[in-house]
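> Given the sequences, and given the hints that come with them, work out the whole structure.
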Amino acid sequence: MRRLNSLPLDDDIVDQIFTFCPDFTTLNSLNLVCKDLYGVFLAHPKSINAAVARNLTGPESFPEALRYLRYNFDQDDDDSNDVVPIETSPLTALEKIQLGKNADVVRKLEDLFSQWYKDGKSTTSVLTPEESFRFRRAMYRILIYSSRFGALEYDEDEAIEISDEPLTMAKIFMQRHRMLSKYPTPHLREIHTVVKFLKQAADWVRPEIETQHDDPEQTTDICVAAGPALILAAYEARGMEVMEDACEMVDSFADIPFFAGFFSNPLSRIWTARGVPAPPEGAQHLGSILEVVPDGLDTCRGCTASPVSRLWTSTTWYHFIVDTPTLLPGKLHLNRTETDVLHALLHHPHDPHTPTTDVLVREIFRDVPLRPEFTGWTAEDRLCGDCLRRLLDEHTWMWLRDRRVADGWVPPEDCWYGYDCTTQYKNAHHATTKNHLCEPTK
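Numbering follows my numbering, with no gaps: position 66 of the sequence shown is 66.
Keep in mind the hints are simulated off the structure, nothing from the lab.
It should be emphasised that the depicted structure is a prediction, and the values quoted were computed from it without experimental measurement.
Straight-line Cα separation of at most 30 Å, BS3-like style, residue types lysine-lysine; simulated pairs: (1) Lys426 to Lys331; (2) Lys182 to Lys171; (3) Lys199 to Lys101; (4) Lys101 to Lys121; (5) Lys121 to Lys199; (6) Lys196 to Lys182; (7) Lys108 to Lys182; (8) Lys426 to Lys442; (9) Lys182 to Lys101; (10) Lys46 to Lys108; (11) Lys101 to Lys196; (12) Lys199 to Lys171; (13) Lys331 to Lys434; (14) Lys121 to Lys196; (15) Lys108 to Lys196; (16) Lys35 to Lys101.
Restraint-style ranges between C-beta atoms, simulated for each label pair: (17) Lys171 to Ser29: 48 to 56 Å; (18) Arg274 to Ala379: 41 to 49 Å; (19) Thr272 to Phe20: 43 to 51 Å; (20) Pro186 to Gln98: 24 to 32 Å; (21) Gly275 to Phe20: 41 to 49 Å; (22) Ala260 to Gly408: 51 to 59 Å; (23) Glu95 to Ala260: 29 to 37 Å.
We put the beta carbon where it would ideally sit given N, CA and C, even for glycine.
Take a look at the structure:
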């Protein structure tokens, strides 16, 4: 098209530039540059907005993203929500804002999924386009399901009351089953994998709840029922407070079978009804999303076990909660001179109750010569909780010594009894005039 503006580019080229905007914030900024640019946009607002929306969600994922955006959650009949007009119904201003918020949640969760299961060194997704599409398609469907039947729709008393009404509960269970059964089996396997990922993300931030409830799996199911956005918010905040504020059932002591097996129960019924095997145990279920499942995802590098509980990686070290003085050997944990320094080094000034364990582990791997029994261990390894704790127990005192020296501390003469000295916590003068960050020589 010939140029109808004062810009040195034809309108068609400017139009194409608009379609490459990654989000609506960028599009709005571009429109504010000059009237000529805005004039080109006004000539094709529908096609440009549609292109930017696809850039935001991923082109293949846009239909599911729009379906979630326009889903009628007040409609009991899910069939009316199966078809969402896309081309004939332009996005409203409010829909653009919400689409961006939803896409941001899905993108951040995809980044985390990729970092956990594909490339631990990259903080942004390295999934292939097809892998990304599978993940996002499943995530948007989980968002719909969790919003339709989720924990935010009920308070604790309502959920307990429904749990005591078999007919009501059976009706809702059937609705859950009917919604999921509309998807083909490969797509349900994608949902199964992404749900397991969300459960694992919830597990990282709820260790204190495990000791409060007889069935911690119920708590995880309620977290998933509260929705992916809240799981992400809790994970980023390193604590359950944001989840508990939005959903009182998360830290409940009550037995709430209404949310037990929130996804697993209907999926299990569908596998049986279709005569197909359930997804494999261990890491192989990731094959529903990943084209190649990396080796060693479910094996501890330290003890070569495949524990049922979590394996820790560089992406989750900061969730490893420890009482920092107990990391010091011998009697060092009673020496206030050393424990105060350790606390100051490890605890963030804005969050004094939570140690930055990730910093400690990362710097041990980077700066401290590992003991012979840890030869070959690297920061890229997956470790069970026992092996990670063993690594910290054996090397934290050396890290503390080296950090103090790097900060200008000149060690006094070594105490003969080193970290085993019983005088260091009884005599302040001895604690400060002798070095106890050393191995015993007597």
